[in-house]
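J.: Residues per chain are reported as follows:
Number of protein chains: 2
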Amino acid sequence: MSRCILEAKKDNQEVKIRTVKRIELIKKIIARARKKGKAIGFVPTMGYLHEGHLSLVRIAKRKSNFVVVSIFVNPIQFGPHEDYNCYPRDLKKDMRLLKKENVDLIFNPSVKEMYPNGYKTYVEVSDLSNILCGSLRPGHFRGVITVVLKLLNIVKPDIAIFGRKDFQQAVIIEKMVKDLNLDVKIITIPTVRESDGLAMSSRNVFLNKSERKKATILYQALKWARRAYYKNLISNAEYVIKKMKAMIEKKGGRVDYVAIVDKDELKPVKKLKKGNLIALAVFFGKTRLIDNIVL
Amino acid sequence: MSRCILEAKKDNQEVKIRTVKRIELIKKIIARARKKGKAIGFVPTMGYLHEGHLSLVRIAKRKSNFVVVSIFVNPIQFGPHEDYNCYPRDLKKDMRLLKKENVDLIFNPSVKEMYPNGYKTYVEVSDLSNILCGSLRPGHFRGVITVVLKLLNIVKPDIAIFGRKDFQQAVIIEKMVKDLNLDVKIITIPTVRESDGLAMSSRNVFLNKSERKKATILYQALKWARRAYYKNLISNAEYVIKKMKAMIEKKGGRVDYVAIVDKDELKPVKKLKKGNLIALAVFFGKTRLIDNIVL
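In the order they appear, the protein sequences are chains X and S.
Residue numbering for the first sequence follows my numbering, beginning at 1077 and increasing consecutively.
Residue numbering for the second sequence follows my numbering, beginning at 1077 and increasing consecutively.
Source of the hints: derived by calculation from the structure; they are not laboratory data.
Certain hints may be false.
Unchecked claim - Selected chain X positions facing chain S (in silico; Cβ < 8 Å): (1) T1197; (2) V1199; (3) S1202; (4) L1225; (5) K1226; (6) N1229; (7) D1234; (8) L1256; (9) L1258; (10) V1260.
What the hints assert, rightly or not - Heads up, simulated SDA-like pairs for lysine to any residue below, C-alpha to C-alpha not over 20 Å straight-line: (11) X:K1103 / S:K1104; (12) S:K1104 / X:I1235; (13) S:K1254 / X:V1187; (14) X:K1111 / S:K1254; (15) X:K1196 / S:G1215; (16) S:K1103 / X:V1187; (17) X:K1104 / S:G1113; (18) S:K1232 / X:N1257; (19) X:K1254 / S:P1214; (20) S:K1188 / X:K1111; (21) X:K1254 / S:K1097; (22) X:K1111 / S:V1260; (23) X:K1103 / S:K1254; (24) X:K1261 / S:K1103; (25) X:K1196 / S:P1214; (26) S:K1196 / X:A1115.
All C-beta atoms in this analysis are idealised placements derived from N, C-alpha and C, irrespective of residue type, glycine included.
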């Protein structure tokens, strides 16, 4: 276990928002709400909430009348050398933020509640899971899809809201929901950005001052590609990717991938087209950031 | 594609029982029944029904008040050299049998309805799926679990009934239901046998007269093991397995496996104990039969 940069803050201030840890209990509470005719909106998160998460919550509030937010750092989507133990956590702050948004219920189960001893069942979406973010993170999307399916089975929401920063994740979840005949409607929401364009992420907190500044290059590179396509009519994917990589590397980013793919099958394209996804994953120091735009 | 022994019979007699092919439609019909306060009972089958299936249906009738039976030969649970194309089918006869049992609804989707183009999502229950029947049939239980999860999501039954002839299948389904937090209650029912002890199976129809007679050795060998344990206090698993294999091979059966395992984890035991599962799979000619008893 690597040492974590962040230490949990002490915080004894009481926050009054209903927070449930047990699966059986939250099922009962939500069943009661459903019986009263409530439409259930669900926002699954790993906590350490930022404006991106809160924008998902606001959509859920607008489109349903009983909003459940889960806060669960899902161990099975982290590789053995990834940052599961160090993933930032601050439940009290999250509770305060969600209270302010008038969320009805927080689901905050333990790892043991979600994966009791002898847990054995996993879901995979083939083809879509071993590319882009899945290629350097084998098993990552298996972990994501499995926990999302479990959460959807527990909450049984009418709608569930996901952010498009994790574009590949959203595509895979939509595919799983369709393939497994679930009734939930998946809604995806545009990425929320800092004023200098950096995509909001719980992991941004790991960046030091210099890395934080350099990381703005990611969105700049994406915007450059969009301009190159729409203004300068450059459509050679290989060329655009090469240029973007060079821009990012010049700022000290270590590129995991820069890819231009069709946005349904996530397959690489040779010529850029309207609707294509330009996606990237880049390390600054030890912190891996992702971002994307759709042309 | 190998040539099939059985040819579909012509049968123009009309049978009046509601049979639905479309997922969206059956969801609506069942939602309506649920709204009326009905408890939904579900029996998933691959059709070509025999008394074993009908005993499942009768339990469903007794324990719920809206019974759905699915008839779907699930291609993804068959290996490339297995008998998917030749698996026996007789929908008209099945409909007549289910009509007699007062089943409310038959779900009989096409392969394309269940697995449309671009289908990609699969469920696995690790450890339990690559042993016993899974060891000679890689991917078999992945196919079973995936279709069962889909069917449970479509029908959303309160109870679902499975036969214990497919003991491993039942164990895996129960595990999946628990792991994925589904609300359905799984009920398993003892194997129904012919008067000479052969476990009922849709595949028995493939046995020729001589194979059919020899196949009775399977249940005899299982009963011998039970007697050996309870009467003669033999508890050496290796010895019991060797003896059973010899009995079966003497009758011309080609043994896939004979195994003695604990009935929850399906792990081999060295010493027999009350509650152990004795399970076997044996070929007679080209027909693979399975059977088991619990001590």
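J.: Hinted pair, alpha-carbon criterion (20 Å max): K1196 (chain S), A1115 (chain X). Please report holds or violated.
T.: violated (29 Å)
J.: Next pair to validate is K1111 (chain X) with V1260 (chain S); report whether the Cα-Cα distance is within 20 Å.
T.: holds (18 Å)
J.: Hint check: K1232 (chain S) vs N1257 (chain X), CA-CA at most 20 Å. Holds or violated?
T.: holds (11 Å)
J.: With 8 Å as the cut and Cβ atoms as the points, is L1256 (chain X) at the interface with chain S?
T.: With Cβ-Cβ at 6 Å, under 8 Å, it holds.
J.: Between the alpha carbons of K1104 (chain X) and G1113 (chain S), is the straight-line distance 20 Å or under?
T.: Distance of about 18 Å is within 20 Å: holds.
J.: Below or equal to 20 Å on CA atoms is what counts here, so check K1103 (chain S) against V1187 (chain X).
T.: violated (33 Å)
J.: Given the hinted pair K1254 (chain S) and V1187 (chain X), is their alpha-carbon gap at most 20 Å?
T.: Holds. K1254 (chain S) to V1187 (chain X) sits at ~15 Å (cutoff 20 Å).
J.: Report holds or violated for the interface hint on N1229 (chain X), using the least CB-CB distance to chain S and a cut-off of 8 Å.
T.: holds (4 Å)
J.: What's the verdict on K1254 (chain X) and K1097 (chain S), does the C-alpha distance respect the 20 Å limit or exceed it?
T.: Within the cut-off at roughly 17 Å; holds.
J.: Let me know if the C-beta of D1234 (chain X) comes in closer than 8 Å to any C-beta of chain S, holds or violated.
T.: violated (13 Å)
J.: What's the verdict on K1196 (chain X) and G1215 (chain S), does the C-alpha distance respect the 20 Å limit or exceed it?
T.: Within the cut-off at roughly 16 Å; holds.
J.: Assess, step by step, whether the Cα of K1196 (chain X) is no farther than 20 Å from the Cα of P1214 (chain S), and give holds or violated.
T.: Holds. K1196 (chain X) to P1214 (chain S) sits at ~17 Å (cutoff 20 Å).
Of the numbered hints stated above, those contradicted by the structure are hints 7, 10, 11, 14, 16, 19, 20, 26, listed in ascending order.
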